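Keeping their order, the protein sequence lines are chains A and B. Letter by letter, the first sequence follows residues 3 to 391 of my numbering. Letter by letter, the second sequence follows residues 3 to 391 of my numbering.
One should not assume that every hint holds.
Note that identical chains are pooled: a pair holds if it fits in a single copy or bridges any two copies.
[To be verified] DSBU-like cross-link-like pairs, simulated, lysine-lysine; straight-line CA separation at most 35 Å: (1) K229 - K170; (2) K9 - K199; (3) K106 - K222; (4) K177 - K340.
These are computed hints drawn from the structure, not numbers from a lab. It should be emphasised that the depicted structure is a prediction, and the values quoted were computed from it without experimental measurement.
There are 2 protein chains.
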Amino acid sequence: MMSSKLKPITAPPSKEELSNRLDKVRILMEKENLDYYISFDPVNIYYLTNFAHYIHERPFILVITKKGAPKMVVPLLEKIHVETRARCDLEYVDYYEFPAPEGKNWYDYYHTLIEKSAKVGIESAMPMGIAEQTPGNKIVTDIIDEVRIIKSDYEIGRTVHACRVINKGMKVLLKICRPDSLEFAIYSEVSDAMQKKVIADIPTANLMVTNLKGAVWPPKISHDPHKIPTIFEPMEEGGPHVSIVGGQVDGYGVEIERTFFLGNVPENTKKPFEAMMEARALAYELIKPGVNMGEVDTKVRDFIADRGYGDKIIHRTGHGLGITGHEAPYIAEGYNRKFEPGMLVSIEPGIYIPGIGGFRHSDSVLITNEGCQKLTRAPEELEELTISI
Amino acid sequence: MMSSKLKPITAPPSKEELSNRLDKVRILMEKENLDYYISFDPVNIYYLTNFAHYIHERPFILVITKKGAPKMVVPLLEKIHVETRARCDLEYVDYYEFPAPEGKNWYDYYHTLIEKSAKVGIESAMPMGIAEQTPGNKIVTDIIDEVRIIKSDYEIGRTVHACRVINKGMKVLLKICRPDSLEFAIYSEVSDAMQKKVIADIPTANLMVTNLKGAVWPPKISHDPHKIPTIFEPMEEGGPHVSIVGGQVDGYGVEIERTFFLGNVPENTKKPFEAMMEARALAYELIKPGVNMGEVDTKVRDFIADRGYGDKIIHRTGHGLGITGHEAPYIAEGYNRKFEPGMLVSIEPGIYIPGIGGFRHSDSVLITNEGCQKLTRAPEELEELTISI
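Make a model of the complete structure from these sequences and hints.
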């Protein structure tokens with residue numbers, strides 16, 4: 003593993019950064035012979051424009067032409083909001099309201115932007131209701147999602163900063179979590195600590211894409227990693243507790259997760275913890291440019307199965323990170339793609355045993371020229387993660 | 003306006019409540035001759051099952067058949083999570099992972115659930131990537147969204163409770179907001195106060211659908227109602243400040259918004275404030291069962307135009323409330339539907355003048371047999387909303 007010094011970046015994206023992203027999208031449009039590419043997914047629109055929103059009944063649609071500024075269909079109500087946040091050239095096409103009187107609906111304007119004979123790329127995430135109103139010969143192709151997979155130096159810098167924020171959250175979490183602590187107290191203190199760091203570092207952070215959480219799955223529920231704990235869930239002596247600290251920092255998604263114990267390590271948790279740690283070490287050893295991502299997951303799963311926990315695997319080895327905390331590429335059996343420098347992924351093989359608990363560490367990791375480099379930092383070994391009470 | 007005493011409800015939905023909702027969906031399926039209805043929208047899935055999630059790369063798909071328990075396609079990882087939260091009968095169809103090896107992907111299982119010759123209803127919100135994998139003769143029709151428009155007594159009770167939570171937030175906001183207060187301080191204190199009430203009232207609240215916010219748009223930005231203020235935005239002497247307090251309370255979305263002044267009311271704000279108040283009074287007067295919703299908006303807009311602010315209207319008179327804080331039905335020009343008892347809407351005509359500010363009150367309102375009834379409560383008149391500093 004390389005250990006080059008990466009610098010955190012907190013500045014908003016430059017116009018050049020955004021136009022480079024658009025150029026990459028246009029290269030793929032040309033490859034697929036597309037006259038237009040339509041983006042409706044808020045994540046992709048944010049990636050290209052720096053304007054964040056969520057889907058609601060009033061549509062926002064980005065129409066990317068072969069040349070010139072993209073056109074953006076926006077509700078009148080939101081036009082100045084978009085203008086304030088977007089950091090690239092855009093041509094605005096604003097509509098009255100949703101719903102609207104005849105002839106003034108969003109689709110009345112949208113229809114005029116695309117020639118009927120054109121070849122039009124659309125996202126697989128595009129809702130049917132928008133696709134039905136999209137003129138032209140439509141092809142589902144996830145071009146922007148594809149461009150997002152390899153990060154620029156700017157994006158890496160933003161992610162390095164985001165990881166520092168969650169490293170702080172993780173540190174606070176391990177410091178305050180004790181038997182009988184309530185979920186709510188941990189969640190509040192950890193989230194607050196991170197939120198404070200974000201606003202100190204980025205006073206103009208966009209709250210729409212800043213969302214930080216820290217929570218612990220106590221042993222009673224740690225075998226069920228996607229069950230959100232209730233607020234009065236108490237921590238317990240022993241373990242495994244599994245913590246999730248992560249979220250978006252002004253638009254950049256990251257995560258750090260640890261399996262830890264309070265006071266003592268129950269005998270029946272030692273073997274699965276060790277198997278998880280070895281599976282994780284295997285993943286780090288295998289992951290480097292040129293290696294097939296799906297095959298890494300297969301090897302890690304096989305290893306865990308060899309240790310006797312084959313039926314205790316419920317998820318892949320990892321997933322991509324970027325603007326969101328969960329996106330392509332995937333370290334998942336059947337995903338036939340090679341690691342490349344500039345990818346950001348989580349590495350987090352897990353073992354889940356009902357009645358005993360869950361075992362998983364996760365880090366946010368950059369694929370480098372030589373291998374991979376963790377951007378998150380926290381204790382990893384069993385001794386460090388057995389907290390005196 | 004009726005003023006019957008409505009009781010707040012905090013209990014989770016009974017099996018009967020959920021099966022009544024499903025029955026209503028099936029009545030519409032029969033009307034449209036559908037063999038299956040497919041729900042992918044997390045909001046609709048929550049409505050029918052009480053299981054909340056957000057869309058990510060691993061699909062969750064609810065397949066509603068004419069009879070029997072609906073089938074739910076879920077990632078293996080989430081199966082126990084769904085089982086824990088769902089409060090209706092479901093038949094689970096779990097898949098390996100996303101992505102997955104050949105033959106083990108979500109669509110491999112999904113394909114087997116629907117006959118190729120069947121007539122299949124799908125949501126307009128369904129992403130293209132899911133629609134493409136849906137067998138049968140597909141028709142886009144928003145059946146569940148339609149059923150959601152008229153609320154049951156249970157839903158009204160939950161909304162009454164949610165309104166009490168935000169009433170409290172609004173009260174705290176008006177108490178602490180002073181010139182030079184920072185957005186961040188207001189946001190934290192108001193959100194905390196509401197969060198505390200939620201966990202006191204509903205200790206098992208699902209945090210995935212609990213999300214409370216209170217913020218103020220100071221005069222500098224109150225003309226731009228969808229611009230999220232930055233965290234260091236300071237309040238000012240005078241006004242108009244416009245506050246938004248709302249969000250979801252364990253799955254029920256509501257809002258209360260007020261235009262207020264700190265210390266003094268600038269001369270040039272008096273007329274637009276009065277015009278807004280009169281437009282609002284007109285809306286309350288007009289709104290009752292049998293009246294066309296679009297026509298109310300037209301009349302309210304005409305009234306505001308008569309007062310000289312026709313070009314200062316940037317949104318409709320109101321929108322529906324339910325599981326989300328923004329949904330059908332709409333009080334919007336061109337929306338051709340009549341008010342019915344059991345609808346929940348916001349009433350919030352607004353005037354927005356760059357350089358002066360925004361003018362809008364919003365309340366969460368129930369349509370009753372006789373007219374309508376506000377479920378939110380806070381000061382409304384200019385004198386009460388001119389706060390001594």
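If any of the earlier hints don't hold here, list their numbers in rising order.
-> 4
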